[in-house]
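Q: Turn these sequences into a full structure, and let the hints guide you.
Heads up: the sequence shown is residues 1 to 774, going by UniProt numbering.
Hints in this document: simulated from the structure, not taken from any laboratory.
Small disclaimer: the values here were computed from a predicted structure and weren't measured.
Any given hint could be a false lead.
What follows is a set of in silico ranges between Cβ atoms, one per label pair, in the way DEER data are often shown [to be verified]:
id, residue 1, residue 2, range
1, Pro463, Gly559, 49 to 55 Å
2, Asp217, Glu502, 30 to 36 Å
3, Glu636, Arg33, 31 to 37 Å
4, Arg305, Pro253, 41 to 47 Å
Once the Cα atoms are required to be at most 27 Å apart in a straight line, the calculated BS3-like pairs of lysine-lysine come out as [what the hints assert, rightly or not]:
id, residue 1, residue 2
5, Lys232, Lys516
6, Lys697, Lys248
7, Lys245, Lys516
8, Lys656, Lys720
9, Lys266, Lys293
10, Lys720, Lys266
11, Lys664, Lys232
12, Lys352, Lys480
13, Lys697, Lys709
14, Lys575, Lys490
15, Lys575, Lys232
16, Lys490, Lys480
17, Lys245, Lys720
18, Lys709, Lys656
19, Lys232, Lys266
20, Lys245, Lys701
21, Lys248, Lys232
22, Lys656, Lys575
23, Lys697, Lys656
24, Lys52, Lys36
25, Lys575, Lys664
26, Lys720, Lys248
27, Lys720, Lys697
Heads up, the beta-carbon is just placed ideally off N, CA and C, and yes, glycines get one too.
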Amino acid sequence: MDITETNTSSGALSVSGLNPRRRRPPLSCSLCRQRKIRCNRQTPCNNCIRTKNRNCVYRSSQTPPQHGNGHEEGQTRELGWIHAPQQVNRSLDNSADPSPINYRPAISSGPQTAATSSTSPSTPNSHSSTHEIEMLKSKIKQLEHQLAKSTKSIPDTCAPTPVSDIETTHSHLAGTFHIHNASLPSNQGQMVRRSFIHKRRFFGQSHWISSMSLFRDIVEIIEPYIMAEGSKAILGLQKCKLLGKKIKAQRTPQWPVPMTTDLPSKDICDALVDCYLRTSERVYRVLHIPSFKRDYATFWEPGTRYDPIFMVQLKLVLAIGCTTYDDELSLRSVAVRLIYEAQIWVAEPEYKARLGIPFLQALILLFLARELLGVDGGMNWIAAGTLIRTAVYMGLHRDPVQIPNLSGFASEMRRRLWNTILEVCLQSSMESGGPALISVEEFDTEPPRNFDDHDIDAEHPIPHPEDQLTSSSIAIAFRKTFPIRLAIAKFLNDLGCQGSYEEAVHLDARLRASYKEMRRTIQGYSIHPSQFEVLMLDFVIRRYLLSIHIPFFGPSFLGTTYAFSRNVVIDTAVKLFDCSRISLPSTAGPSSNQSTSPDQIDFGRLTMCGSGFLHTPFLHSSFIIAIELKSQILEEEGLGPVSIRPDLLSVIQDAKALSLQCIKTGGTNIKGYLFMSLVSTQLDALMQGVSEDELPKLLIKAAEDAEEKCLSILEPMAAKGQNENIGDVTEPDSTTALPDISDDWDSMMTDVNFDFADMEPVSWMLNSIPYSIP
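A: Pasting the structure below:
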């Protein structure tokens, strides 16, 4: 049989006889073909990722079986493979036929001839027809066209696929959790934390635990000592935990709690209503204040029959007002009981009959009360889903102009409530690390109009100019920044987001621009807003700014790629901490000698005595600053004394004082103060050059001292409870099994009152993630 050899501009083609068996192209990579394992045909493939093989190569030719007919041994047939992009393998992988395209060139049925290269001299065997060569070229072009068409049908394959890695860590104090890390090619191989799994919960990057893992060495140092039999540190932790459970049991009423008319005295109720109206209602517009005050005055008149929905609203307003009533949150137990009664009423199976604006107002107030008082068990993000779906079911996601027969009053109230629901649901997403559950394409409701409350009572109200301050101005200002803040939440918590650093920097620029525009609007008001409103605006925006860069804070210690994020995180953390530090005159902050305005006191009580979105950044910021201080000490290369920023060092000392203050105001979880004590001791030891052998002793001593201080606060607190005997918890037996002390690290930021027996809160505060400061 004749041999035909062709060398064209399209590639080298050589045919060595006719083979009746079709040869499929090699679609697997070299490693998978060699090991004879299934390959997903991506670049790199799944097996190369798992085995950390850096050379995932796809061959463009294969060596077919040799045939006789007088050919010299070793002669091969090269098929004209198409050098397509990497996406070709993916498109073929998704096809039903693993080899849908016949790569075998068309061979004429006539005698085989040989065609020489254009650079080679002619041979006597050059009898191949020009028609056959043209057929081969045409076939190649056809195959290229088919491959290009199949590639275009899958546009998502063009996006870079992050290389994922899952690390599992465990400690006796923290339990087991899994960290999902990912790296994009643009990140130069550095891994960035994407999400976390602990027991039955999944958390995105905005959750506060994402930056707590950089204290891995503290856990490794103290765990062998703290877990030793008869350890004073572990006994003290046992006693504090059991006392905390006692105290929470005293505050928590028996479930279910019947709805009653029992309220505090009228003087206290008046003060609590005023606390609510001058704080929460200024930011989260829920009530029409003139109508509420009118109904409230009528409620106290003798012989008045109360409306159940108004009674629920009033109880929740009183519960929220308790957070700013005094520095000690002395009415915490009263607030918890009021929330439980409202929760029972909401849970009654008369949902459809109640569906209306007053019921939706009650749901929003219940959401806020549960978060601010910590009566949520970390589950408020789930309640946010119910809240937003209730609003959508009522049509609040459509602008009132799309709904017939609505008065001006009803239209404006619907806009206000929808605006508030968007705000609290977005905040719950950031606090819990869950998806935001909403997008700007899913509603067309416009922002609230610039009305005072008494304006919308008119038949045809006319909004005030934008530069005039009204009771809705702050809510409108928040709404203008909502799209960029929603984009940040999706960037951090959505599963499909790649989370590249370039996108993070872009979101940072957009948020700063939006914030500057908001400040110019506020500064243009003829009457300035209250200092509480200004503090709230600044606090919330900085909370989002911090969250953008937190995923890149750990990797920033390994190189200069994320140096910008490191600077932003530290500066923002200091400013967030100062918002809480300057607010309470009892703290030891640098501004404690200055006069503190009532608005500052209100904001300080809300961030210190409350919980949730406004309380978490307090300790979160202090931990971040501690990480930076530790890095500065370890990176010091001089021979003289270590030089660190004094403003950062003062934050650590004030954080200890404020953490202890949180326990004095009724908090039952000591782990925030305990950990700040350990961090402070470690920093002092590093600055003093303490040896590694002495450091464990200092840390254990710090833990024991911190637990003694907490016990001195918790024991009198527990003794106030009626019919409670704390003798069995103040002296636990060292031989008894250690209780699960790793089940409330998530509630370190809150004072959880709902007892979800089947749920296991976050417990990995003291555990580690792959980063460690060099």
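Q: The structure should be examined with respect to each hint, and the outcome stated for every one.
A: Now for the hints, and whether the structure bears them out:
Distance hint for Pro463 and Gly559: a CB-CB separation of about 52 Å, consistent with the stated range 49 to 55 Å. Against the hinted window of 30 to 36 Å, the Cβ-Cβ separation of Asp217 and Glu502 comes to about 32 Å, which satisfies the hint. In this structure, Glu636 and Arg33 break the distance hint of 31 to 37 Å, their C-beta atoms being roughly 53 Å apart. Here the CB-CB span from Arg305 to Pro253 is close to 25 Å, at odds with the stated 41 to 47 Å.
Proximity of Lys232 to Lys516 is assessed by CA-CA distance (about 53 Å); at most 27 Å being required, the pair is judged violated. Distance restraint check for Lys697 and Lys248: the Cα-Cα separation of roughly 33 Å exceeds the 27 Å cut-off, and the hinted pair is therefore not satisfied. Note on Lys245 and Lys516: the hinted pairing is violated, with a Cα-Cα distance of about 46 Å set against a maximum of 27 Å. Distance check on the hinted pair: Lys656 and Lys720 sit about 26 Å apart at the alpha-carbon level, within 27 Å; holds.
In summary, the hint linking Lys266 to Lys293 is supported, as the alpha carbons are separated by about 14 Å, within the 27 Å threshold. For the given pair, Lys720 sits about 25 Å from Lys266 by alpha-carbon distance, which is consistent with the 27 Å threshold. Distance check on the hinted pair: Lys664 and Lys232 sit about 23 Å apart at the alpha-carbon level, within 27 Å; holds. Restraint check for Lys352 and Lys480: not satisfied, since their Cα atoms lie roughly 33 Å apart, outside the 27 Å limit.
Straight-line distance between C-alpha atoms of Lys697 and Lys709 comes to about 19 Å, which keeps the hinted pair within the 27 Å bound. Only pairs whose Cα atoms come within 27 Å are accepted, and Lys575 paired with Lys490 is accepted, the gap being roughly 24 Å. Taking the CA atoms of Lys575 and Lys232, the gap is about 37 Å. The hint is violated against a cut of 27 Å. Annotation: proposed proximity of Lys490 to Lys480 holds, straight-line Cα distance about 17 Å (limit 27 Å).
Simply put, Lys245 and Lys720 have alpha-carbon atoms about 14 Å apart, close enough for the 27 Å limit, and the pair holds. For a cut-off of 27 Å, the pair hint linking Lys709 to Lys656 stands: about 12 Å separates their Cα positions. Distance check on the hinted pair: Lys232 and Lys266 sit about 48 Å apart at the alpha-carbon level, beyond 27 Å; violated. Simply put, Lys245 and Lys701 have alpha-carbon atoms about 25 Å apart, close enough for the 27 Å limit, and the pair holds.
Simply put, Lys248 and Lys232 have alpha-carbon atoms about 24 Å apart, close enough for the 27 Å limit, and the pair holds. Between Lys656 and Lys575, the direct Cα distance comes to roughly 17 Å. Compliance with the 27 Å bound is thereby established for this hinted pair. Annotation: proposed proximity of Lys697 to Lys656 holds, straight-line Cα distance about 20 Å (limit 27 Å). Our distance criterion of 27 Å between C-alpha atoms is met by Lys52 and Lys36, whose separation comes to about 18 Å.
Taking the CA atoms of Lys575 and Lys664, the gap is near 24 Å; set against the 27 Å cutoff, the hint holds. For the suggested pair Lys720 and Lys248, the alpha carbons sit about 12 Å apart, so the restraint of at most 27 Å is met. Our distance criterion of 27 Å between C-alpha atoms is broken by Lys720 and Lys697, whose separation comes to about 36 Å.
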